[in-house]
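K.L.:
Each chain is listed here by its residues.
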Amino acid sequence: MVSKSDDASPTESKSTVETVDKESSAKETVQSKVKVSKVRGDIKLDENIVLENDKIKLVFSNKGGQLIGAYLKGYSKDLSGDGSLNLLAGKALSVSFDQDDYQNYLFDYELSENSLKFIGDKYEKIFVLNTDYTLSFELRVAGKKFNYYQISMGDGIAETELHVKGKNRDYGSAAYVENSLENETMSSFDEKPDVYEGDASFIAVYNKYFALGVRKLGFENVVRSEFFVINDNPSANFRIQESKDNFSHKFRVYLGPVLVQDLQAMGGGFEKISDKTWSFLNWLSKFFIKILRFIHNLIPNYGIAIIIFAFLLKIILYPLTHKMFESTQKMQEIQPMIAEIQSKYKNDKVKMNNELRMVYKNYGVNPLGGCLPLLLQIPIFIALYPALKYSIALRQQPFVGWIVDLSAPDPYYILPILMGIFMYVQQKFTMASSGDLAKMTDQQKAMQSTQKMMMYGMPVFMVFIFRDFPSGLVLYWAVFNLLSTVQQIYIKKRFAKK
Amino acid sequence: MIILNKAVLLLLWMYKNGVSPYLPNSCRFTPSCSEYSRLAFTKYPFFKAFFLSVWRILRCNPFSKGGYDPLK
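Chains as they are written, first to last, in the working numbering: chain A, 1 to 498; chain B, 1001 to 1072.
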């Protein structure tokens, strides 16, 4: 049942064992040095308690009364499509009271179609599976004395991808503390847990495409959130102060993809964990994903959708860049004149300015250009990067031939190398034609030699950087660079004719 | 401050040599915005240089006449 998973975590030990006899149950408890009272010895270990809907299959163990598997039916770890992706690295959703974590406590339980009740020591944990990726969770305490209790993400979120690169930047924990989102990737975790004091409405752990989170509903106790790494996976604890010994606290749990429409089911701004860039650019990033999905609906191949998207962006930016490329061309033509004026009126800045203005005016340089319009394009590319890198839409989506997964790096480096070649060609066309070396000043000569070095250096450097990037992102850049090159060749030709 | 200026100068060097060559020549001014910033960060303290650079880039738009605009 559970055995499909290739996750090597010990808690997933072939738990098809529905009935374990008293002896082995006792053995289990001895092995794990615990506190199952002798009176309660008749409760059998059951590690295959299942709640299931169309989207997820949750496997619980009555040992610790916790979740030991969360299988997403619509997703697979590899390309087999068997729907066996387990987003848990091990255990999760244990509740501890003060220092007592009840990890090895054998709970009695009641299971009905979509709800599960663990009956523990003066408390109950009730799970109700909803029809989406959420699970309602209620903690009922009756007559138990303690200072705080803590819900743990346990072993955290699993590595769900076959190609894991830059895990430290893609995996992390988040908490919504005092109305602001604290989001940390593993790269900024310390040895000790990172602690956030204050009322937090939810905590979550996430990897590149999936998330596990808990949101508290309708009570405002002081809480403390902790982020930490366990077995190289991110995890988190949610600690809630409660001095009453009779209460019922409700939570909602998320176990699913990082996809805005699914995350929204959690409420409370939980979908914010999908924000991957600066807050003022996230809407643009998500808008790009929407466009990609729209194109994909018309042509069901994300590789082609990316190519069309690159064309669209080039067309939108065309009026701007076209004029700029044109003026680059013109500037190259009038460069000798400008140099002449600059040397002629070296000592009369006013006269030089006037003369230069005349030249600019006569040649109609830059009708649309300017550094400001150019800089305004930068946010577009910054927003595009996370859209192509983190969108689950591209996960395991093929393009052609050797590109079987646009979210994974190109195994043969063909796309990065193509991109480098296009970059080189593009720069060769953009660079001021070497023209009259004799007329150049020493400074200009020096500049050109640096440029020459960069002309070879940069593409090589970029191929090196891009070799581990998702091939969808590299595909986009390769196509965009190719289009820029074509645009430049076209303008060159037009000027040559004149 | 001197360290900050040096850091900006390094970024400007990277831009001029690594990024700029791939972009069309778009500046309306002489010296160009990046060269103007470089001079500003060489000559003035950080905040003044920063302000001058931002102000220059804001002026470098389609509605400006452009032309010769040296650093004062």
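Calculated from the structure, these hints are not laboratory results.
Careful, some of the hints might be misleading.
The calculated PhoX-like cross-link candidates involving lysine-lysine, where the alpha carbons are at most 20 Å apart (straight line), are [to be verified]:
#, chain 1, residue 1, chain 2, residue 2
1, A, K144, A, K122
2, A, K165, A, K346
3, B, K1016, A, K452
4, A, K351, B, K1072
5, A, K428, A, K290
6, A, K428, B, K1016
7, A, K389, A, K428
8, A, K346, B, K1016
9, A, K145, B, K1043
10, A, K276, A, K389
11, B, K1016, A, K349
12, A, K351, B, K1065
K.L.:
Which hint numbers does the structure go against, in order from smallest to largest?
P.N.:
Checked against the structure, the hints that fail are numbers 2, 5, 7, 8, 9, 11, while the rest are satisfied.
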